[in-house]
Amino acid sequence: RGGSTETGQALKYILHKGFPGGRNSSVPEVLIIISDGKSQGSTAMPAMQVKERHITVFAVGIKFPRWEELHVLASEPPERHLLFAGDADDAANGLYSTLSDPVCTATTPGCKVESHPCERRTLETVKELAGNYVCWKGSKQPNAVQASLCPFIRWKRVLIKHPSRCFRTVCPDPCDSQPCQNGGTCVPEGLDRYHCLCLLGYGGDVHCAAKLSLECSVDLLFLMDSSAGVTLEGFLRFKAFLKRFLQAMVGQDSPMSVGVAQYDDDVTVPIELGQHKDALSLMKSIDALNFSGGRTLTGRALQYIAENGFKSTPVFADVQDDLPHVVVLLTDSKSQDSVAEAAKYAKDQNLFLIGVGSSFMRAELSTVTGNPQQTIVYSDPQDLFNRMPELQRKICSVGNPEGCQAQSLDLVFAVDASSGVGLENFLRLRHFVRSSCLHFVINRDVTQIALVIYGSKAHTVFALDTHTSNSAVLQAIDQVPFLGDSASAGSALLHVYSEVMTVQKGARPGVNKVVVLLTNGGGMQDAAAPAQQLRHNGVLVFVVVTGDTGRDTLLRVAGSPSYLVHISSYEDLQYYQGLIIERICEEARSPVNLCKPNPCMNQGVCILGPGSYRCECHGWEGPHCETRVPRGDSPRSPALPPRSPVQWSPRGLQHFSRALQHSKRQ
Numbered sequence: 001r002g003g004s005t006e007t008g009q010a011l012k013y014i015l016h017k018g019f020p021g022g023r024n025s026s027v028p029e030v031l032i033i034i035s036d037g038k039s040q041g042s043t044a045m046p047a048m049q050v051k052e053r054h055i056t057v058f059a060v061g062i063k064f065p066r067w068e069e070l071h072v073l074a075s076e077p078p079e080r081h082l083l084f085a086g087d088a089d090d091a092a093n094g095l096y097s098t099l100s101d102p103v104c105t106a107t108t109p110g111c112k113v114e115s116h117p118c119e120r121r122t123l124e125t126v127k128e129l130a131g132n133y134v135c136w137k138g139s140k141q142p143n144a145v146q147a148s149l150c151p152f153i154r155w156k157r158v159l160i161k162h163p164s165r166c167f168r169t170v171c172p173d174p175c176d177s178q179p180c181q182n183g184g185t186c187v188p189e190g191l192d193r194y195h196c197l198c199l200l201g202y203g204g205d206v207h208c209a210a211k212l213s214l215e216c217s218v219d220l221l222f223l224m225d226s227s228a229g230v231t232l233e234g235f236l237r238f239k240a241f242l243k244r245f246l247q248a249m250v251g252q253d254s255p256m257s258v259g260v261a262q263y264d265d266d267v268t269v270p271i272e273l274g275q276h277k278d279a280l281s282l283m284k285s286i287d288a289l290n291f292s293g294g295r296t297l298t299g300r301a302l303q304y305i306a307e308n309g310f311k312s313t314p315v316f317a318d319v320q321d322d323l324p325h326v327v328v329l330l331t332d333s334k335s336q337d338s339v340a341e342a343a344k345y346a347k348d349q350n351l352f353l354i355g356v357g358s359s360f361m362r363a364e365l366s367t368v369t370g371n372p373q374q375t376i377v378y379s380d381p382q383d384l385f386n387r388m389p390e391l392q393r394k395i396c397s398v399g400n401p402e403g404c405q406a407q408s409l410d411l412v413f414a415v416d417a418s419s420g421v422g423l424e425n426f427l428r429l430r431h432f433v434r435s436s437c438l439h440f441v442i443n444r445d446v447t448q449i450a451l452v453i454y455g456s457k458a459h460t461v462f463a464l465d466t467h468t469s470n471s472a473v474l475q476a477i478d479q480v481p482f483l484g485d486s487a488s489a490g491s492a493l494l495h496v497y498s499e500v501m502t503v504q505k506g507a508r509p510g511v512n513k514v515v516v517l518l519t520n521g522g523g524m525q526d527a528a529a530p531a532q533q534l535r536h537n538g539v540l541v542f543v544v545v546t547g548d549t550g551r552d553t554l555l556r557v558a559g560s561p562s563y564l565v566h567i568s569s570y571e572d573l574q575y576y577q578g579l580i581i582e583r584i585c586e587e588a589r590s591p592v593n594l595c596k597p598n599p600c601m602n603q604g605v606c607i608l609g610p611g612s613y614r615c616e617c618h619g620w621e622g623p624h625c626e627t628r629v630p631r632g633d634s635p636r637s638p639a640l641p642p643r644s645p646v647q648w649s650p651r652g653l654q655h656f657s658r659a660l661q662h663s664k665r666q
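Each residue of the sequence shown is one higher than the one before, counting from 1 in my numbering.
Since the hints were made in silico from the structure, they are not lab data.
Each hint should be verified, as a subset may be incorrect.
Said to hold, decoys possible - If you anchor each label on the Cβ, the simulated ranges turn out as follows:
#1 45 with 19: 17 to 23 Å
#2 285 with 389: 20 to 26 Å
#3 362 with 445: 39 to 45 Å
#4 118 with 295: 57 to 63 Å
Stated by the list, open to error - Subject to a maximum C-alpha distance of 30 Å in a straight line, what follows is the list of computed BS3-like cross-link-like pairs (lysine-lysine):
#5 505 with 596
#6 161 with 127
#7 311 with 284
#8 51 with 161
#9 243 with 277
#10 311 with 277
#11 51 with 17
#12 277 with 347
#13 161 with 239
#14 112 with 161
Small disclaimer: the values here were computed from a predicted structure and weren't measured.
C-beta atoms are modelled at their ideal positions from N, C-alpha and C, and glycine is treated no differently.
Based on the provided sequences and hints, a complete structural model is requested.
Right, dumping it as structure tokens:
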């Protein structure tokens, strides 16, 4: 409204008129004064009279208030009744927070008012000596003036800060409990609601929980550590994990049977395999499991489960003995007895072992399972629950044939046979190649395999189109000789590029292609360029190295950390076979470029079409430019319509490729 600031007059009005529309005296009266504290009249007496009437006075300073006057206006204690609302945040948070408790004696449920250090600001006008300047003064003598130095004063506005305490309301964020799983982002909605933004593949649940299902048929037994080493907290964590995992994947028509055993000094099987047919009764039985707290005898527990865990009884006669038997070991405590012999015995009984534990249990779990790919380690308690999809995949990998039996693949092994590897380790590499070939169906239509060995020079042991059966490939691998000279991985990859992965040597257009380089890391300096040539031609280069070669050099050859496996010793190579086969099969399932490598011979140009390709030839003819045009041929008459080039689908070009190879052999 403008005008002067007459806070004293306003208080007198309140004293005279009271609170307009006010109720009886039993209702507390609160007066909130919002002012800059620069009243033109006295406020001390009216303020005292207001307080004597038992009216609670809050003084709220705005802009740059005069705090002395606001102190006079506010009720005691001043730190709870003297406030500042210099900006929107103060008004919205601090003012509301501070008033809500004294006025209403309550805050929003779950919230609390807390104090924090702050500053109150006052804009004051002060005098400042600018200096002494000559001025003229009067003189007692008539018609005379006197010169003198006079102080020159100027007025200056300064901002004065006063340390104080402010108040704010703190409410718990509904996302503080991190309710979103598997990398989901929690978005709060008010004080008590939220929703989760889930990563791709986890959107089927409000908390981004994994929607699992055991579509595979297995007999599944969980062996849970209940010893003192795992502690009661760890045992309860395993119970919660077990419940959540089984709730996510056990349905009415689930094809698998589940049992639970627990161990310390002794082993008990409180939930027999196949005992429960519905999730509800299974959860009740898991809830009833009790912590025992004895010694950690993991080896004894594995021995017992191997002998008794999967025996069918008349009560559970419907348990299918022909299903794969899977044991999931849940432990977080080092075993006090030997686990190696017991684990070997369990595997001899055709039990598939999966180990789950914290990161410091990695070595023991690998000993139990015999394969790092069958172990699951977690970094913290929450990370354990994030591992459920991984556990589901490992369980369902049992009994499924490994390899790429439904996918066409051209696969080349390039094996280091140099003196740096040595004869003993070369035999290990040869055995690795042999056992890897067992995971593939080798014939002209599915997987073709070639083998190259190298020292300073590379030699083709057999080409892609040499052998058409597993037995022939295995027999040929057993005859591979050790070379023993220096190593040049670059020469080997260049040999694969020009002499092995070509249509003339049996490579099939429209089929994914992989080279697995097995090396000790020697002679890698010249390998980056030919590896890049292979990748440019559509061939994946997978590097498996045992040695101390610099990682940067290896990455340049592999092209990506995903295609580099660094192994500490040749003895451990067998443990990484599952991972390597899985990566190869991922490549076999990826989309393929029909023109890589170039199926056209004699510098023909491959031109892609929708689901097919054609070869544009120069001086040659035929679907793949395989036949030279005779020198004496006259050019085709322009009056005749040009012949359309042949277009090939993937299946058609494979048949043609086989026919071409057969005719060359004839």
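Going through the hints against the structure:
1. 45 with 19: 17 to 23 Å: 20 Å, holds
2. 285 with 389: 20 to 26 Å: The hint (20 to 26 Å, Cβ to Cβ) holds, given that residue 285 and residue 389 are roughly 25 Å apart.
3. 362 with 445: 39 to 45 Å: 41 Å, holds
4. 118 with 295: 57 to 63 Å: 58 Å, holds
5. 505 with 596: Within the cut-off at roughly 15 Å; holds.
6. 161 with 127: 18 Å, holds
7. 311 with 284: It holds: about 24 Å lies between the C-alpha atoms, which stays within 30 Å.
8. 51 with 161: Status holds; Cα separation ~28 Å.
9. 243 with 277: 15 Å, holds
10. 311 with 277: Distance of about 18 Å is within 30 Å: holds.
11. 51 with 17: 15 Å, holds
12. 277 with 347: 28 Å, holds
13. 161 with 239: Violated. Residue 161 to residue 239 sits at ~58 Å, over the 30 Å cutoff.
14. 112 with 161: 28 Å, holds
Checked against the numbered hints given earlier, this structure breaks only hint 13.
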